[in-house]
Each structure stands twice: as C-alpha cells, then as structure tokens.
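Put chain F on the given structure of chain S with help from the hints.
Protein chains in written order, with the working numbering: chain S, -5 to 302; chain F, 3 to 412.
These are calculated hints, taken from the structure and not from any lab test. Keep in mind it's a predicted model, so treat the numbers as computed, not measured. A virtual CB, placed ideally from N, CA and C, is assigned to each residue, including glycine. Hints should not be assumed to be uniformly reliable.
Under the rule of at most 27 Å between Cα atoms (straight-line distance), these lysine-lysine pairs were calculated in the DSSO-like manner [as the list claims (entries may be wrong)]:
id	chain 1	residue 1	chain 2	residue 2
1	F	217	F	155
2	F	155	S	293
3	F	353	S	295
4	F	319	F	346
5	F	155	F	166
6	F	353	F	374
7	F	62	F	155
8	F	166	S	140
9	S	295	S	140
Over 10 Å on every C-beta distance to chain F, these chain S residues come out as not near it, computed from the model [what the hints assert, rightly or not]:
id	residue
10	57
11	99
12	298
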Amino acid sequence: MSILLDEDTTFIVQGITGREAVSLTRECLDYGSKIVGGVTPGRKGREVHGVPVFDTVAQLVEHNDGVTPTGSVVTVPPAFTKDAVFEALEHGIKTVVVVTERIPRRDVGQMVELADLHGARIIGPNCLGLIVPGVAKMGGIGGPAKNAEQAYQPGSVGVMSRSGGMTTEISSTLTAAGLGVSTAVSIGGDAIIGSTYAELMPYFEADEQTEAIVIYTEPGGRMEAQLAEWVAENDSRLPIVAFMAGRFMDDDEMQGMAFGHAGTIVEGKEDSAAEKIARLEEAGIPVVERIDGIPDAVKEKLGPEAPA
Amino acid sequence: MRFFEYESRRLIEEAGIPVTKYGFATTSEEARDIAADIAGPTVIKSQVLTGGRMKAGGVKFADTPDEAMEHAADILELEISGHTPRGVLVDPKAEIEQEYYASVVWDGTARRPMMLFSDMGGIDIEEVAETHPDHVGRQHYSNLHPVSGFLAKQCIASTGVTGKELTGLVPILTSLAQLFVDRDMTLAEINPIARLADGSFVALDAHMEMEDEAKPRQKEILTELGIAEEDNREGYEPSEFELNVAAIDAADHRGVIQGKDTGFHGNIGLVIGAGGGSLTLTDAVRSQGGHPANYSEIGGNPSVAKAQGLAKEVLSKDGVEKIAVMMSIVSNTRVDIVARGVIKACLDLGKDPGETIAIFRIPGAWEEEGFKILDSYGIEYCDRSVSMHEAARRAVENIQGVAEPKAEGA
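Next comes chain S alone, as it looks inside the complex (with noise of 0.2 Å):
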C-alpha cells in the first residue's frame, strides 16, 4: 500500500491555469494520477490538458456529481494561499499539498489550526507533494513521468524530506540499491509546515509496505527533536535512518546566516546541525554521513532478511 495517496485517489489542482501548475497536472496525469477537475477565478469553462477548469470548488465538486475529490495540490501565489486553502478545507477535502513558497507564517498557522478543525492534513508549503512509485503523485515531485520512474520504483521504504530535490536523490539511491521506495514525501522546506516527520509517522507505521524510513533534515527549528520524542514514545516497528545536510553552517563564521529554505536558519541552541545529530543518534535513529551511505545503514537495520 502507501499512505496518503493510491490509486482511487481523485484530486484538483487549485491555480491549474499557471504555468508550473500546467506542467505539474500534465505529469501527474502521465505518472497515472486521477485530477478530476482545477480551479483558477476567472477561467471557467477552460481545460488543461482534457482536465475541467472552474470557478470556485463547489462548482467543481458539483460538476464531479457532488463528490468531493480527496485532495488538492496548491500552487497560487502566496497572497492569495490561504484564501485557496480554505476554500479546499471547507468543502472537506482531506489532503491539501501547498507547493506555493514564501507564505508568511501567519498565514501557515491558520492554514494547519483549519485543517486540524476538519480533520484534514497539510503537506507543505514550498514542498513537491508525494509520490507512490509505480502508482500516483501528487505534485511535481520527480518531474515528467519518465524522469519520476526511473527515479522511484516500488520498494519498502518510505523518504520524508524536508528538500524537495533532495527526496528525488535519495529515493534514486534506494531505487538503485534495489530497496525501492513505498511513499516519498516532500514535507516542504519551511519553519512551519503542516506536515511533520513525527506527525507522518503514525501514517508509515500503519502500511505495511513500508518496512523503514528515511528522513533528510537541515539545521534548523526543532521538527528532528519532535521525531526523537516521538520515537521514545511509541514502540515503532520501523527503523528511521537520517541524513543530515548543512553541517558547514555549525561553523562560528555562518552564525546568523541564512541558506537554503527559509526554515534553515539556526535560531537557538537546539538548532544546529551537531545538536540535531546527537539528539537524533540518542534515540536510535543513524545519521549517515554521505547519501550513498543511506542504501547501507537500511539494509543494516533491516536485519538479514533485507533484500539484495
């Protein structure tokens, strides 16, 4: 299985007209996903690529036979964002993934306290959305379907990544070392996002599928502290193997500095890249030192039985 996304999975894409919402929904329709309709204000009665463009949602969803589709993927500019969001989360579509970058984080938090009051899950922002290899996407996550494929074949272990790029090369490095990838998920490279990796975990504990986790983490915000607390706390059956990227940043000359995504700014004691790795080794959790070491420290928490 996987979570989050499979194959009776419908969604719309909001702010379907732009033009990397265009490219997103023609790979997305290649790589098997189903999008049964977009909304953009103002181009009713367009299609992009075969797939219906409205006005608002209800139109779309009254259009769909008053079925509301399960997801949405977000890609409008971040003025209008939160407005996008909420309009999906009132009419009950449960998995909302926010591509849009640069969306301050006010907005973000009213985004996520929505959706916890309908029961719906964020993923993202400034995120690819997630793939299920062999199955669907949702988002630009690995780009055109030829380049997803030969990038993620099925396998059995799930990538939470808080670099949309990075998820691609990970999950090509497990793809290659024969281990496969069950659900690969771009949380988003932002100080708040909706989706942890502790809030996910309970979703990769639950499919079978999936027999470990790989996470990619930067300096940065306490989201590796929440899985360590997380890990402590339950008895997960799944071995989490990190990697973590922008170590250079510990360096008294890059104190203050920002690099990368908005979210990796060392703002306390707790951030930094050496913290975050002692925290993380203390709970159990590996953190390798070269992304070609991943393939290895998996099959070693695996246990013999792991494939070739």
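Relative to the frame of chain S, chain F by itself:
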C-alpha cells in the same frame, strides 16, 4: 527583518503600549536638544542591529544636555561588532521599582504564537528560564480566534504576579500579542517593562523582527517608519560577489540563482544547487578536505544567461581557477541549459571549459543533450550512478591535487 530599537518603540507605541518620552537623533546636537526637552537625567543608547551594546560602551548616562551631547558624539562614532550605529536614542532615565519581561515568539512545533512573561525582567530570559523556571509564564494562542486578554492574564498570573501589577500588565501583553499578529512578527520582545514609583508601567526597550515574506503586505508601516525596500537588514554587509549575483538574478525572471561568499575563503568555485543539494554538496566538498570559495544555489530552470552569469562571477573571484558544477537530481531544471551556461562563462573569460570545469554532475531532465555538449568540450561529467559525495571528491582532487577525506563530524 530586524528593527532598530527606535523603530521597535514606535511600533509598540502605535499598538497602545506605554513608552517613555524618548527621541531619536543622528547628530550629537539633536541629542542635546532632545535631552533639553526631557529636562532631566537621560540615557543615550546606540542604535545598532546587534546585542551587547552595554558591554561595548554603547549605552551611557547623562545628567545634563551638554553631557548627553558629548556621549552621543562618542557613541555615534563607536562601531559595535562591526556595526556602525544608525543613530542614538535619548531616553529619560527612569526611577524603576521593578522590571518585567514580555515577548511573543513562534512555536514551530505547535504552529502557534506563544506569549512569554517573567517578573524577573532586565536580564537574559533563557537564563531566567533555567535558574527560575517558575518565574517564566508561557501561553500559546490561536491563529484563528481573536487575541483574548484572559490568555495574557493566565500567562502573567502563572508567575505569581497579582493585584494591581497583574491588572496593569495584562493590557501590555495582550497588545503585544495583537501586534505580533497584525505586523507579521517573528519576535516581539519588551525587556524590560518597568514599574515606576507611581505604579505605572512603561516599556524601556523593545526588539522586534518581522518575517521577510510578509514585507509586501506590511508596506504601509514600513514606509511610515521610513524603511526603504532595499534595506534588507542582513546581519552583515553583502559582498561584491553577493550583490553581483543578486543583480544577475533580478535581471531575468526565469529560474533562481543565489550566491554567498561571506565566511568562505577557499579556492573551489561552486556552481551548485538546489536548496538541499547545495547544503549537501558544500558539506561533501568539505568532508573531502576541500575548501569552498563560495556557496550557490540554482533552481527553477534558469536561462542560459543566468547560469552563465553565476559561473562567471564565481570564476572571477580571487583565487578561483576552476569550478565544480554539481546538483542533486533535477526534475524541472534542464541539464543542457546549465551546461551551455557554464561553458559560455568559461569561453567569455578566455578559459578552456575542459580545463576549467573540474566536474559536472547534474543528473535529470535533458541530461543526454547536456552530456553531448559536455563531451564536445572535453569536460568530465557523470550521471546519477556517481554519488554527490563521489563527485565532490573528484572535484577536490582535480582542483586541490589531493582529496583528504575527513573523519566523522568534519
């Protein structure tokens, strides 16, 4: 974006929080006039975007306007941790009965703002939290509901404060929580709030930081404070390299490039990407004993000109003879376009691309086309079967002559 103290005071004043009759001066004469207006002992405070002002001699006390002028003249000349003061703040010297601490920050795990209060103000809050945890109150509040005063009351009362102190402080913390939301702050801190002899409360210092992403919608207040759009308030002066790369990026909307070299002193020119890939590759180069000359990021499918511009800037840096062009697997950036760009950069500078590009490792979309072009210039490249760390090792070996893998944690 961090605000100066005089701006932060304006912000809390507008939010209805009581402040002193302070003034901001950029010359010592102005400082004297403000002190004369105050007509009493004053405090002269350097306006810099860094801590440790008191220790560095950036805060002085004066009994007369002339003394205030002298101190202001000194402080205006005094550099603190590499920062030249924007001006001085002239504040009436208050007769303080007690000091309190109040702030609002983001709790990223709870994804809600959190009020912090202590009745032990004036000192470092982290220290108070460690030594006197029962004197620090914490209170989350909703992103969706209006800010309610009772939450501020709970926060303050949890430290044992009661009576007129409690009722006097609640409106201040409530207003601060509202300001935090209204102004898209990432930090809103008043330390200290002072209780004066007459029982009234007044903010004696303020530290505010606004989220950069929110600057477009906070334009009105930024304009009112006289803050120019290009005033980015970085904690350091951007280098020429950084300014040049930013200018190249701004000139063309296709794709994104970023470059940094502050803090980097090596000879390995890096043309790398994307966000997470750059962090990984910088670590990888260093773990092989390599010394990066810079940090960069390429993303979102830049034009040939943009990739060319970035590579040219990197190659123009002192001590950089060669570049390593490396990225994690790309899906929406075209490999052939980046290849064309970096080759053009070499040719522009009269350099042989085959000699100058130590390694090219960008797997992904349009890679076959890219590899063909690289082949024709004799450039060493590799596909995804060569790991990011192995590519980094080859780059270090090629440029520094020898790679020296470092042990754990290097």
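Against the structure, the hints:
Taking the CA atoms of residue 217/F and residue 155/F, the gap is about 31 Å. The hint is violated against a cut of 27 Å. For the hint linking residue 155/F to residue 293/S, the alpha-carbon distance of about 54 Å lies beyond 27 Å, and the restraint is violated. Taking the CA atoms of residue 353/F and residue 295/S, the gap is about 49 Å. The hint is violated against a cut of 27 Å. At most 27 Å may separate the alpha-carbon atoms for a hinted pair to count; residue 319/F and residue 346/F meet this at roughly 17 Å.
Between residue 155/F and residue 166/F, the direct Cα distance comes to roughly 12 Å. Compliance with the 27 Å bound is thereby established for this hinted pair. The straight-line distance between the Cα atoms of residue 353/F and residue 374/F is roughly 20 Å, inside the 27 Å bound, and the hint therefore holds. Proposed proximity of residue 62/F and residue 155/F is contradicted: the alpha carbons are some 35 Å apart, above 27 Å. Distance restraint check for residue 166/F and residue 140/S: the Cα-Cα separation of roughly 70 Å exceeds the 27 Å cut-off, and the hinted pair is therefore not satisfied.
For the given pair, residue 295/S sits about 31 Å from residue 140/S by alpha-carbon distance, which is inconsistent with the 27 Å threshold. Chain F leaves residue 57/S outside its interface by the beta-carbon criterion, the shortest separation being 30 Å against a cut-off of 10 Å. Once the 10 Å rule is applied to beta carbons, residue 99/S is inconsistent with being away from chain F; the minimum gap is 6 Å. The beta carbon of residue 298/S is kept farther than 10 Å from every beta carbon of chain F, the shortest such distance being approximately 25 Å.
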